[in-house]
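Undergrad: Spelled out, the chains give:
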Amino acid sequence: MAATLKDYIPIVGEGVVSELELLGARLAGKRVINVNSTRVGGGVAEILGRLIPLLNEVGLDARWEVIQGTEDFFALTKHLHNALHGKSHTFTAQDHAVFDDTTARNLKSLDLDGDIMFIHDPQPAGLVRRRAEAGGSWIWRCHIDLSAPAPGAWEFIEPLVRQFDLSVFSSPQFARTLSIPQVLVSPSIDPLSDKNRDLSQSEINDILSRLGVHSDKPIVTQVSRFDRLKDPVGVLEAWRLARRRVDCQLILAGGGATDDPEGAEVLREVRERSDNDPDVHVLDLPPTSNIEINAIQRASTVIIQKSLKEGFGLTVSEALWKGKPVIAGAAGGIPLQITHKYSGILTHTIEGTAFWIKQLLSEPEFANRLGTNGQNHVRANYLLTRHMRDYMLAFLFLANINEDVIKL
Amino acid sequence: MTASNPLTTAKKSFEFYSRLNLTLLTGLKAHDLAEMAAILRQVQGSVIYHHTHHFLVQHQHLSPEPPNDFAYWIRNILLEERLGEELAAIDVMRFSTIRDLRDAIVAVIENFIERTGNVRAAPAGQEFHFMRSVSFVMPTGLRAANLLEFRDALMQVSRGSIGYHMFDARLRLERDDNDFAMWLQEELGEDQLAAALRNLDPYTQTEHGLRRRMLGLINRRLES
Numbered sequence: 001m002a003a004t005l006k007d008y009i010p011i012v013g014e015g016v017v018s019e020l021e022l023l024g025a026r027l028a029g030k031r032v033i034n035v036n037s038t039r040v041g042g043g044v045a046e047i048l049g050r051l052i053p054l055l056n057e058v059g060l061d062a063r064w065e066v067i068q069g070t071e072d073f074f075a076l077t078k079h080l081h082n083a084l085h086g087k088s089h090t091f092t093a094q095d096h097a098v099f100d101d102t103t104a105r106n107l108k109s110l111d112l113d114g115d116i117m118f119i120h121d122p123q124p125a126g127l128v129r130r131r132a133e134a135g136g137s138w139i140w141r142c143h144i145d146l147s148a149p150a151p152g153a154w155e156f157i158e159p160l161v162r163q164f165d166l167s168v169f170s171s172p173q174f175a176r177t178l179s180i181p182q183v184l185v186s187p188s189i190d191p192l193s194d195k196n197r198d199l200s201q202s203e204i205n206d207i208l209s210r211l212g213v214h215s216d217k218p219i220v221t222q223v224s225r226f227d228r229l230k231d232p233v234g235v236l237e238a239w240r241l242a243r244r245r246v247d248c249q250l251i252l253a254g255g256g257a258t259d260d261p262e263g264a265e266v267l268r269e270v271r272e273r274s275d276n277d278p279d280v281h282v283l284d285l286p287p288t289s290n291i292e293i294n295a296i297q298r299a300s301t302v303i304i305q306k307s308l309k310e311g312f313g314l315t316v317s318e319a320l321w322k323g324k325p326v327i328a329g330a331a332g333g334i335p336l337q338i339t340h341k342y343s344g345i346l347t348h349t350i351e352g353t354a355f356w357i358k359q360l361l362s363e364p365e366f367a368n369r370l371g372t373n374g375q376n377h378v379r380a381n382y383l384l385t386r387h388m389r390d391y392m393l394a395f396l397f398l399a400n401i402n403e404d405v406i407k408l
Numbered sequence: 409m410t411a412s413n414p415l416t417t418a419k420k421s422f423e424f425y426s427r428l429n430l431t432l433l434t435g436l437k438a439h440d441l442a443e444m445a446a447i448l449r450q451v452q453g454s455v456i457y458h459h460t461h462h463f464l465v466q467h468q469h470l471s472p473e474p475p476n477d478f479a480y481w482i483r484n485i486l487l488e489e490r491l492g493e494e495l496a497a498i499d500v501m502r503f504s505t506i507r508d509l510r511d512a513i514v515a516v517i518e519n520f521i522e523r524t525g526n527v528r529a530a531p532a533g534q535e536f537h538f539m540r541s542v543s544f545v546m547p548t549g550l551r552a553a554n555l556l557e558f559r560d561a562l563m564q565v566s567r568g569s570i571g572y573h574m575f576d577a578r579l580r581l582e583r584d585d586n587d588f589a590m591w592l593q594e595e596l597g598e599d600q601l602a603a604a605l606r607n608l609d610p611y612t613q614t615e616h617g618l619r620r621r622m623l624g625l626i627n628r629r630l631e632s
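From first to last, the protein sequence lines are chains A and B. Counting from 1, position 368 in the first sequence corresponds to residue 368 in our numbering; the numbering is continuous, with no gaps. Counting from 1, position 69 in the second sequence corresponds to residue 477 in our numbering; the numbering is continuous, with no gaps.
For reference, chain B alone in the conformation it holds in the complex:
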């Protein structure tokens, strides 16, 4: 179904939430790749989420986005450039659950250990410390009932709100889709716009760039 009018009113308004993260320390640390793989297998999903997403929160000015923490440690501390690159290149968008993402990360590391027999240890004091993120989700008070209102709200919402609806909804809450695309399709019948938003890779751009692209797509639709 494609909406004929961009001012179609939704039965159910989109409610914008914001997300704030608190970091917890697990007390677990890895000295080498074998320990890293073993710990990765047993930790909670929120640990995997933390180390693949916190950089996006803490270094939002960096462009292009840096790799996940595992890749960073392996490349910069263990000095394994190739493996670091392989891990950085894991396409997080391919996965719909944290479990699948974890399996992919562990498989790349274990495969490398098997191939090379690598047992190089990190220098003392530079071990990998495992942490996890606890997310606090709260309504921002902003709602949208049509595409115009949605565009206006998207211009105002915090970085945490975009992160929540784009990253967390899909991967962490396992909703199969990001919240924006889902609402645009289901409530407004904006199939093409939803598909375009679904295809944006939030992991390869800054929050600023992501917001600008989403607004560009919506504005084009509003002008059509």
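This is chain A alone, in the form it adopts within the complex:
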């Protein structure tokens, strides 16, 4: 059963939920139409699935539409997605024709009768062409890392973006020079989801034993796709250096090796380098392993996220939420989540990571303090309730776009 706002009160407090209700009352009856490109899979669909019932609970009339496209269209938008992330691609007139054609067909079939059109990511951005006719306010929500797009990628989408009333980005580094206001809304984790909810010690023990991990030694963990940018090999080396001084085991848990040739290669390399060491657990988990990941994080003594390049890096918030000391690469959105030596540790090298693994395993009091501070930071800034609040504030901002202080 879907969570209700009341379920969040024990986690975020009554004040936070009352504020959401107050904001909801100001937006009562507003028809908010979310449009994205898929109903299942991926972070956007996951967040919409959780947020829409909560928005409706506080009085909005939020709906969710999904655009339909041909294989050509999704091949093109995959290229666009990668190019916005920096991978070079040349866009042709034919690409524009494919994009426009799918947009036109969706404009005919979608019900866009609403007060606020909330368009997620580039795929449905072309719908803004209906703006004059459909009326309402239009928001473009970009979930993509736009810090270094390949030439031509931003140019593909920018003429559409500037027709919206408002844009929403996930991190300050993704801001562009734009004629429309840009709002910062960080991503969030849901404390009630399987990946983050509380687990009993017996649930944790059962899962760990099923995965073949014993709790007889401190556990150092990285949960991440087997991707070079997450540097699992670097984690293995750092752990080896640390283990010379402090006895501990390592879990490298992740997925992405089955449908991604590079992922499979990285996984093979990690396995080879682990040298059948009984203290190294390399776990290739299916994408549905949410409770398993939750249990692994909760059983860990120290959690690593040694990313070399990162979008927002929400796995850091997931780890901090479990009250664990986290050592992470100072990349992308990670420094927003960790203040060095206060709510976690930021490192730049394998040796630095090894040094801090030793420190945190040897100084559990300091490690616990980091974990507690990190958990409080996530509670205040990176939970679903804050995400919902920011979206409602963005909706309210649409009517007062030139104001700095808005009286409700």
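For the record, the hints were derived by calculation from the structure and aren't laboratory data.
Label-pair restraints from in silico Cβ distances:
id, chain 1, residue 1, chain 2, residue 2, range
1, A, 276, B, 440, 49 to 57 Å
2, B, 526, A, 179, 30 to 38 Å
3, A, 342, B, 440, 20 to 28 Å
4, A, 342, B, 600, 32 to 40 Å
5, A, 61, B, 452, 31 to 39 Å
6, B, 556, A, 49, 41 to 49 Å
7, A, 342, B, 501, 19 to 27 Å
In the PhoX-like style, the derived pairs of lysine-lysine whose C-alpha atoms are separated by at most 25 Å in a straight line are:
id, chain 1, residue 1, chain 2, residue 2
8, B, 437, A, 87
9, A, 309, B, 437
10, A, 217, A, 358
11, A, 108, A, 78
12, A, 341, A, 358
13, A, 309, A, 87
14, B, 419, A, 407
15, A, 217, A, 195
16, B, 420, A, 407
17, A, 6, A, 195
18, A, 78, A, 309
19, A, 341, A, 309
Using N, Cα and C, we set each Cβ at its ideal position, and we do this for glycine too.
Start from chain A and add chain B according to the hints.
TA: What follows is chain B alone, placed relative to chain A:
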């Protein structure tokens, strides 16, 4: 005027408001100190407000409070410890307008550039991104007509409410005083208590500590 009775009833009740902030990205970024000073001169006041106040909202568990964002970037990214310290030490309570605060920040940075000729640039990807805060202010429904009711409401209100009445009223809305002190003095004649609340520096303590101190002062007055 000093009230003789702490249960004096105000003609005008104190209405508690709450404030929620939405962060906007300006798309402007500074690579070095000269760019930072130049951008600071031209941006809206809400940018200065954001970078000197958002830490208080986002890191309310931290004690003592960390410096403003400018000081943090200069110290941790540009590695200019001395200038970072000078900026962190700017006493925000001294200023009654955002304009004056901006001038003070820019003057410290420009003075440093002039003295040292510093042109050190931030590493790629670690530029300073300018943002601004849009504040949404709404009534909480809590009101107080006397000191006892005021104390009880103060125990319940959100962090955003204390922030609004203590920081925003004075500096952002340029009311010369924080709302609590003003009401206590004007409506209840509580001159001494108002002065004590006016002297609290909300920038050097956590919201929890600030609320505790205010309640301590009010309780002492109620017991006197």
